[in-house]
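With chain A fixed as given, assemble chain B onto it according to the hints.
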Amino acid sequence: MNISLVLQMAADAEPERIGLVCEGRRWPYQALLRAAQGAAAGFAASGCSHVALLDESSAAAAVALFGAAIAGIPYVPLNYRLADADLAALLKRIAPAYIIGDVERIQRLNPDGGHQARTHAAFIAQAEQADGADAPAAEDDKAIAVQIFTSGTTAAPKAALLRHANLLSYILGTVEFGSAAPDEAVLVSVPPYHVAGIAALLSSVYAMRRILLLPAFEADAWLALAAGERATNAFVVPTMLARIIDRMDAGVPAGLSAMRAIAYGGGRMPLELIDRALQLFPATDFTNAYGLTETSSTIALLGPEEHRAAHRASDPQVRARLGSVGRPLPTVEIEIRDDEGRLLPAGERGEIYVRGEQVSGEYRERSALDANGWFPTRDAGWLDAEGYLFLAGRADDVIVRGGENISPGEIEDVLLSHPAIADAAAVGVPSTQWGETIGIAVVARPNHSLPSEDELRALIKNRLRSSRVPERIAILDALPYNEMGKLLRREVRKLFQGKEIPA
Amino acid sequence: MKAGMKLKSAVCDTEVMVIRGSDTVVECGGAPMSAERPAQRGTINPAFADGTKIGKRYVDAAGTIELLCVKAGQGSLAIGGVALMPKEAKPLPSSD
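Going down the list, the sequences are from chains A and B. Residue 307 in our numbering is what sits at position 307 of the first sequence, and the numbering runs on without skipping anything. Residue 95 in our numbering is what sits at position 95 of the second sequence, and the numbering runs on without skipping anything.
Bound-form chain B, shown alone:
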């Protein structure tokens, strides 16, 4: 994976765009995500079923990976079994 790339869940509707990070396997609902959705949808691991929210950003603890959810789904995101956390928004005043 690399910045700008889209990743799709193998087990739900979730799609994310990579904002930051590379060469890492991201999981959704317990299964690895990839650029193409598999022909057959797998089943969600109940331990990773909190869901993703459209427009939310998700980061790892080290802050090296940042993903933007562009399509919501039932699975939740993780790397190596460690759940990613939603990132706190720091809103700027609208300038347009």
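This is chain A alone, in the form it adopts within the complex:
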């Protein structure tokens, strides 16, 4: 098994069909395959242990992904937004690497790493000149296709490994080959170093859905590309969707009449935002996808019909499903377990475990799979009676107050229901008496004044329980998020650091 099979099949079926559009160039599948084969020859000749990308999205990301696969060398897309010190540490961990992107930065940060660096333009030019035609792809199920450093919102980045068998079983299990109609085009704006960026390339090539690659997300550029290329599909994280809607509200012209389907994931979608999107785009299919790096992307999804049913529903249980991530893929199993690893029944909150061929659950240093192949996601959640999965934050984010487990999400949901509150986060604050107690950070909606601290406490006490009432309250202009829209809770916790609440 080799993930390059995906591109080989597309090039074999329709060599001249346009597979990728980026920076004004239109790439037929055959040209992409030739470039990937040429790149593979260069990677193999370099003697490097990894192929890395330190750049925005471009055709080079696709050519490097498939080229590394053909050469049998792990592909490591790096986060170019990392600070120098963090990036330098990662460069040392993959040395010596063939790196495409910011040549100056690579040489400055890790001069003695033995890296071979090229700009993406130079890389593409060399790959297209090299003759790698019909070199057989390395065939080893166990070989590592992609290595992704986790974003490290709670700890140092871990090197998650995705083997060819993991990624290919995800694609073969979820996508029908060549199923896209000739006019279908998907706008991809997620960063190349995110698992969603990898999955987008593989799924779209296998479906033969033309990829419109945006180098980096920016709402006006997204709207312009969608209109100019008549995009029919898109994947966005919730913060991207919010910014797109903001710009449309501000009068930026939007030609989204061709947009049939929008998939979203990668972070918590506020109920209000998805409601607004469903109203704004009544003819568009919305799909919510939940997955992790360690699971080769999507493991559960809430499909278009389920969105509409929940949006219309008066039954609160059905309506609530708009806030769920849907049901597990047919090819994976999901369980909810307690702290001791015991299986929990529907409706009870615990840690999400997942099992399936696409689940790697493996890091460079160790495998996190248990003896029976289950991966503990460290995400908290519960299943409803019909098997819909609801997320309740990271298991590590659970606040333990006097032995009682409190999910930040339940407090945040109550706060967000207040019309003057735009955003809210609840975190654990060290406490001598309780071990941890609750701190909240809230952001006011524009032109609204926040309720007083007493009113905020009363709101939570009336809707939840007194144990959920925050001891500390911070008012912010904005909560700290990373570029994928993940809340950086460790930054929120810092607001309350060194101010231990006395007994």
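Please keep in mind that the hints were generated in silico from the structure rather than gathered at the bench. One or more of the hints may lead you astray.
[Claimed, not checked] Derived lysine-lysine pairs resembling DSS-like cross-links, with alpha carbons at most 30 Å apart:
| # | chain 1 | residue 1 | chain 2 | residue 2 |
| --- | --- | --- | --- | --- |
| 1 | B | K71 | B | K6 |
| 2 | A | K494 | A | K461 |
| 3 | A | K142 | B | K56 |
| 4 | B | K90 | B | K8 |
| 5 | B | K90 | B | K53 |
| 6 | B | K53 | B | K6 |
| 7 | B | K90 | B | K56 |
| 8 | A | K142 | B | K71 |
| 9 | B | K2 | B | K56 |
| 10 | B | K56 | B | K6 |
| 11 | B | K90 | A | K142 |
| 12 | B | K53 | A | K142 |
| 13 | B | K87 | B | K6 |
| 14 | A | K158 | A | K142 |
| 15 | A | K461 | A | K486 |
| 16 | A | K494 | A | K158 |
| 17 | B | K8 | B | K53 |
| 18 | B | K2 | A | K142 |
| 19 | B | K90 | B | K71 |
| 20 | B | K8 | B | K56 |
| 21 | B | K6 | A | K142 |
| 22 | B | K87 | A | K142 |
| 23 | B | K71 | B | K56 |
| 24 | A | K142 | B | K8 |
[Claimed, not checked] Which chain A residues stay away from chain B? Per the calculated CB distances, all over 12 Å, these:
| # | residue |
| --- | --- |
| 25 | I18 |
| 26 | A45 |
| 27 | E56 |
| 28 | R105 |
| 29 | Q126 |
| 30 | A219 |
| 31 | H311 |
| 32 | D339 |
| 33 | W374 |
| 34 | A422 |
| 35 | R463 |
[What the hints assert, rightly or not] Chain A side only, calculated, beta carbon under 8 Å to chain B, not exhaustive:
| # | residue |
| --- | --- |
| 36 | A165 |
| 37 | T174 |
| 38 | A196 |
| 39 | S204 |
| 40 | A207 |
Bear in mind the structure is a predicted one, so any value in this text is a computation, not a measurement. Note that beta-carbon positions come from the ideal geometry of N, C-alpha and C, so glycine has one too.
Frame of chain A; chain B shown alone:
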């Protein structure tokens, strides 16, 4: 054969990847398939010449064998002379 393995036709361009199943001899165009193509191409049995389609999955009646056609050809697939059937696709909404 085992899951993940590729099988090639002895009589046409067909290649399949084994999705499910093991220890079975699969025929294409009436001749056994194998990991390596023979040096000399044989002739297609006209009874098994309906062709294979790239990207299609083929299954046996019991559902114990599933093959993905990764390269199309003129032969058609069978096990022990019994033709394999194309599998109905159950598409999921695109999530990427």
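For each hint, the structure was consulted:
A distance of roughly 10 Å separates the Cα atoms of K71(B) and K6(B); the hinted pair therefore holds under the 30 Å criterion. Between the alpha carbons of K494(A) and K461(A) the distance comes to roughly 25 Å, so the proposed pair stays at or under 30 Å and holds. Between K142(A) and K56(B), the direct Cα distance comes to roughly 25 Å. Compliance with the 30 Å bound is thereby established for this hinted pair. The hinted pair formed by K90(B) and K8(B) meets the criterion: a straight-line CA distance of about 26 Å does not exceed 30 Å.
About 17 Å separates the Cα atoms of K90(B) and K53(B), which keeps this hinted pair within 30 Å; it holds. Between the alpha carbons of K53(B) and K6(B) the distance comes to roughly 16 Å, so the proposed pair stays at or under 30 Å and holds. A C-alpha spacing of about 12 Å is found between K90(B) and K56(B), which places the hinted pair at or below 30 Å, so the restraint holds. For the proposed pair K142(A) and K71(B), the alpha carbon gap of about 23 Å is at most 30 Å, so the pair holds.
This hinted pair checks out: K2(B) and K56(B) have alpha carbons roughly 19 Å apart, not beyond 30 Å. With a C-alpha separation of about 15 Å, the suggested pair K56(B) and K6(B) falls inside the 30 Å cut-off, and the hint holds. Of the supplied pair hints, the one linking K90(B) and K142(A) holds, its CA atoms being roughly 28 Å apart against a limit of 30 Å. With a C-alpha separation of about 28 Å, the suggested pairing of K53(B) with K142(A) holds against the 30 Å cut-off.
Taking the CA atoms of K87(B) and K6(B), the gap is near 19 Å; set against the 30 Å cutoff, the hint holds. At roughly 20 Å between alpha-carbon atoms, K158(A) and K142(A) fall within 30 Å of each other, so this suggested pair holds. Only pairs whose Cα atoms come within 30 Å are accepted, and K461(A) paired with K486(A) is accepted, the gap being roughly 27 Å. Restraint check for K494(A) and K158(A): the C-alpha separation of about 22 Å stays at or below 30 Å, so the hint holds.
Between K8(B) and K53(B) the CA atoms are separated by roughly 14 Å; this keeps the pair inside 30 Å, and the hint holds. A distance of roughly 14 Å separates the Cα atoms of K2(B) and K142(A); the hinted pair therefore holds under the 30 Å criterion. Only pairs whose Cα atoms come within 30 Å are accepted, and K90(B) paired with K71(B) is accepted, the gap being roughly 21 Å. The straight-line distance between the Cα atoms of K8(B) and K56(B) is roughly 15 Å, inside the 30 Å bound, and the hint therefore holds.
Between K6(B) and K142(A) the CA atoms are separated by roughly 15 Å; this keeps the pair inside 30 Å, and the hint holds. In summary, the hint linking K87(B) to K142(A) is supported, as the alpha carbons are separated by about 28 Å, within the 30 Å threshold. This hinted pair checks out: K71(B) and K56(B) have alpha carbons roughly 10 Å apart, not beyond 30 Å. A C-alpha spacing of about 22 Å is found between K142(A) and K8(B), which places the hinted pair at or below 30 Å, so the restraint holds.
Once the 12 Å rule is applied to beta carbons, I18(A) is consistent with being away from chain B; the minimum gap is 18 Å. Remark: the non-interface label on A45(A) is consistent with the geometry, its nearest Cβ contact in chain B lying 26 Å away (cut-off 12 Å). Against the 12 Å criterion, E56(A) stays outside the reach of chain B, whose nearest CB is about 19 Å from its own CB. The beta carbon of R105(A) sits about 29 Å from the closest Cβ of chain B, which is more than 12 Å, so the claim that it is off the interface holds.
The claim that Q126(A) lies off the interface holds: its Cβ sits roughly 29 Å from the closest Cβ of chain B, which is beyond the 12 Å cut-off. Every CB of chain B is more than 12 Å from the CB of A219(A) (nearest about 20 Å), matching its label as outside the interface. No beta-carbon of chain B is positioned within 12 Å of the beta-carbon of H311(A); the least distance is around 16 Å. With a cut of 12 Å on Cβ distances, D339(A) stays outside the contact zone with chain B, its closest approach being about 31 Å.
Every Cβ of chain B is farther than 12 Å from the Cβ of W374(A); the closest lies at roughly 21 Å, confirming the non-interface assignment. At the 12 Å boundary, the C-beta of A422(A) stays outside the reach of chain B, the nearest C-beta of that chain being 28 Å off. The non-interface label for R463(A) is consistent with chain B: the shortest C-beta to C-beta separation is roughly 33 Å, beyond 12 Å. Among the interface hints, the one on A165(A) holds; its C-beta lies about 6 Å from the nearest C-beta in chain B, closer than the 8 Å criterion.
Given hint, T174(A) at the interface with chain B, holds; its Cβ is 5 Å from that chain's nearest Cβ, closer than 8 Å. Look at A196(A): its Cβ gets to within about 7 Å of chain B, closer than 8 Å, so that hint holds up. Checking S204(A) against chain B: minimum C-beta separation of about 7 Å stays under 8 Å; hint holds. The closest approach between the C-beta of A207(A) and any C-beta of chain B is roughly 7 Å, which is under the 8 Å cut-off, so the hint is satisfied.
In this structure, none of the earlier numbered hints is contradicted; all agree with it.
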